[in-house]
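Enquirer: Here is how the chains run, residue by residue.
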Amino acid sequence: MPLKRIEPGKRMSSAVIHRNRVYLAGFTPDAALGKSVAEQTRDILAQIDATLKEAGTDKTMILKANIWLTDIKTFAEMNSVWDAWVVPGQTPARATVEAKLAAPGIDVEIMVEAAIEGAAEAGGSKGADRKQGKGAAKKAGAAKQGGAANWSPEERAARRAKRAARKAGK
Amino acid sequence: MPLKRIEPGKRMSSAVIHRNRVYLAGFTPDAALGKSVAEQTRDILAQIDATLKEAGTDKTMILKANIWLTDIKTFAEMNSVWDAWVVPGQTPARATVEAKLAAPGIDVEIMVEAAIEGAAEAGGSKGADRKQGKGAAKKAGAAKQGGAANWSPEERAARRAKRAARKAGK
Amino acid sequence: MPLKRIEPGKRMSSAVIHRNRVYLAGFTPDAALGKSVAEQTRDILAQIDATLKEAGTDKTMILKANIWLTDIKTFAEMNSVWDAWVVPGQTPARATVEAKLAAPGIDVEIMVEAAIEGAAEAGGSKGADRKQGKGAAKKAGAAKQGGAANWSPEERAARRAKRAARKAGK
Numbered sequence: 021m022p023l024k025r026i027e028p029g030k031r032m033s034s035a036v037i038h039r040n041r042v043y044l045a046g047f048t049p050d051a052a053l054g055k056s057v058a059e060q061t062r063d064i065l066a067q068i069d070a071t072l073k074e075a076g077t078d079k080t081m082i083l084k085a086n087i088w089l090t091d092i093k094t095f096a097e098m099n100s101v102w103d104a105w106v107v108p109g110q111t112p113a114r115a116t117v118e119a120k121l122a123a124p125g126i127d128v129e130i131m132v133e134a135a136i137e138g139a140a141e142a143g144g145s146k147g148a149d150r151k152q153g154k155g156a157a158k159k160a161g162a163a164k165q166g167g168a169a170n171w172s173p174e175e176r177a178a179r180r181a182k183r184a185a186r187k188a189g190k
Numbered sequence: 021m022p023l024k025r026i027e028p029g030k031r032m033s034s035a036v037i038h039r040n041r042v043y044l045a046g047f048t049p050d051a052a053l054g055k056s057v058a059e060q061t062r063d064i065l066a067q068i069d070a071t072l073k074e075a076g077t078d079k080t081m082i083l084k085a086n087i088w089l090t091d092i093k094t095f096a097e098m099n100s101v102w103d104a105w106v107v108p109g110q111t112p113a114r115a116t117v118e119a120k121l122a123a124p125g126i127d128v129e130i131m132v133e134a135a136i137e138g139a140a141e142a143g144g145s146k147g148a149d150r151k152q153g154k155g156a157a158k159k160a161g162a163a164k165q166g167g168a169a170n171w172s173p174e175e176r177a178a179r180r181a182k183r184a185a186r187k188a189g190k
Numbered sequence: 021m022p023l024k025r026i027e028p029g030k031r032m033s034s035a036v037i038h039r040n041r042v043y044l045a046g047f048t049p050d051a052a053l054g055k056s057v058a059e060q061t062r063d064i065l066a067q068i069d070a071t072l073k074e075a076g077t078d079k080t081m082i083l084k085a086n087i088w089l090t091d092i093k094t095f096a097e098m099n100s101v102w103d104a105w106v107v108p109g110q111t112p113a114r115a116t117v118e119a120k121l122a123a124p125g126i127d128v129e130i131m132v133e134a135a136i137e138g139a140a141e142a143g144g145s146k147g148a149d150r151k152q153g154k155g156a157a158k159k160a161g162a163a164k165q166g167g168a169a170n171w172s173p174e175e176r177a178a179r180r181a182k183r184a185a186r187k188a189g190k
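The listed protein sequences correspond, in order, to chains A, B and C. Going by this note's numbering, the letters in the first sequence line up with residues 21 to 190, in that order. Going by this note's numbering, the letters in the second sequence line up with residues 21 to 190, in that order. Going by this note's numbering, the letters in the third sequence line up with residues 21 to 190, in that order.
If you're looking for bench data, these hints aren't it; they were derived computationally from the structure. Keep in mind that the hints are not guaranteed to be accurate.
[As the list claims (entries may be wrong)] Restricting the straight-line Cα-Cα distance to at most 25 Å, the calculated cross-link-like pairs of lysine-lysine (DSS-like) are:
1. C:K55 - C:K93
2. C:K24 - A:K73
3. C:K73 - A:K93
4. B:K93 - A:K120
5. B:K120 - C:K73
6. C:K24 - B:K120
7. A:K55 - A:K24
8. B:K24 - B:K55
9. B:K55 - A:K93
10. C:K55 - C:K120
11. C:K93 - C:K24
12. A:K55 - B:K93
13. A:K120 - C:K73
14. A:K55 - C:K120
15. C:K93 - C:K73
16. A:K93 - B:K93
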């Protein structure tokens, strides 16, 4: 099966589709260039939504996300927008690190890979899911950063408990 | 299906093949170690070409590329070589960020993933494509950096126009 | 086929499974937070082992690994643990770069993707492989850094010889 591309360019493409996976470019802010990290993140996630839609899938099907911030101190600000965007429980694997990006005014860059099949199946309950998701996510966003990693404090605690239970043979 | 590896080592492999995809290591300059960013990029892309060939595919089948530069100010210099290497319109998803790399003299590192099937199908017209590609790419390389992102100015303009048209329901 | 997730959270999941591949989050030290880079690496690799196991696969099936270090000078220290962990000859594609990470005390972050099928097939000889592997890896870990890249000096020499032989048409 040949590759399909979204907005193929001379240097790179916005996305490349191979079988049941789509690989998106690292997206940077467009209209929000030079604005706040929250606005840049919203701008990028809107571009990602549009590109995933064009590929026939959506954010609940993202497999992995790499996020770069020019200043890791903006981690919480980026997360406040991210947490309100993802659907809780249908979240991707993710890693966020600091890196200088391609040009001044770009303070966030996000690159994702998503599965394509199945997006339609999830479609029926999506409206409700998203609504419920946003409420829960807002609460999570309001919670203070636990300090240690990409997981929220509750998530870290839950993971620790799970691991402890696993070790105890439960 | 078991994995196949190219140059498997004690620490890492040059590439790992699983079904119809090949995952390449982050390649760093070999002979061009310590030389200019343009020379390092050419060196790396030649290694990638050879590895993709060994895997039974080629650069038109790259799904995604991650590029690290020790100095993001060398973005245009790296791109001048990249733009002449890729085949316009058959380009991968890509993200480029700044990062200190494993040793002094390494100023560029590139990691790619590619599809394997289909490379042969593209083979027939490849000579012509590449020739045409290089001409177009040279022109693009000569164009000044637009400043904003990984896309060239023309590509950004084209993307904006496309998005506007989409929004207008065209 | 829908996605399966391991430790799905509001912000991210520990891992996402799609068909015969599993995508792990960027893992950071848990108990070893703030300790030495060697201890942090061991902690992370143990978490990765547990997550791969939960996904029905193991470290010999890792396709690619991205490693971030807050200080690239700790490259050799991280590698001493990594080299003893991987099974020589069954190693993934890998890239390691420097980056500031999400919080103080996190000096290593590792993100991997693995194939799922085949892990069982490899199971029969695994015990023996690992034993042999650890011996060989310890020797490799003891060898001084060649300076140039992620490959050990022997691996670089072997790759050069292979390339030379290939060019000579052998």
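Enquirer: The structure should be examined with respect to each hint, and the outcome stated for every one.
Expert: Hints and how they fare:
no.: 1; hint: C:K55 - C:K93; in the structure: holds, 16 Å
no.: 2; hint: C:K24 - A:K73; in the structure: holds, 21 Å
no.: 3; hint: C:K73 - A:K93; in the structure: violated, 34 Å
no.: 4; hint: B:K93 - A:K120; in the structure: holds, 10 Å
no.: 5; hint: B:K120 - C:K73; in the structure: violated, 33 Å
no.: 6; hint: C:K24 - B:K120; in the structure: violated, 35 Å
no.: 7; hint: A:K55 - A:K24; in the structure: violated, 33 Å
no.: 8; hint: B:K24 - B:K55; in the structure: violated, 33 Å
no.: 9; hint: B:K55 - A:K93; in the structure: violated, 35 Å
no.: 10; hint: C:K55 - C:K120; in the structure: holds, 16 Å
no.: 11; hint: C:K93 - C:K24; in the structure: violated, 38 Å
no.: 12; hint: A:K55 - B:K93; in the structure: holds, 22 Å
no.: 13; hint: A:K120 - C:K73; in the structure: violated, 35 Å
no.: 14; hint: A:K55 - C:K120; in the structure: holds, 22 Å
no.: 15; hint: C:K93 - C:K73; in the structure: violated, 31 Å
no.: 16; hint: A:K93 - B:K93; in the structure: holds, 23 Å
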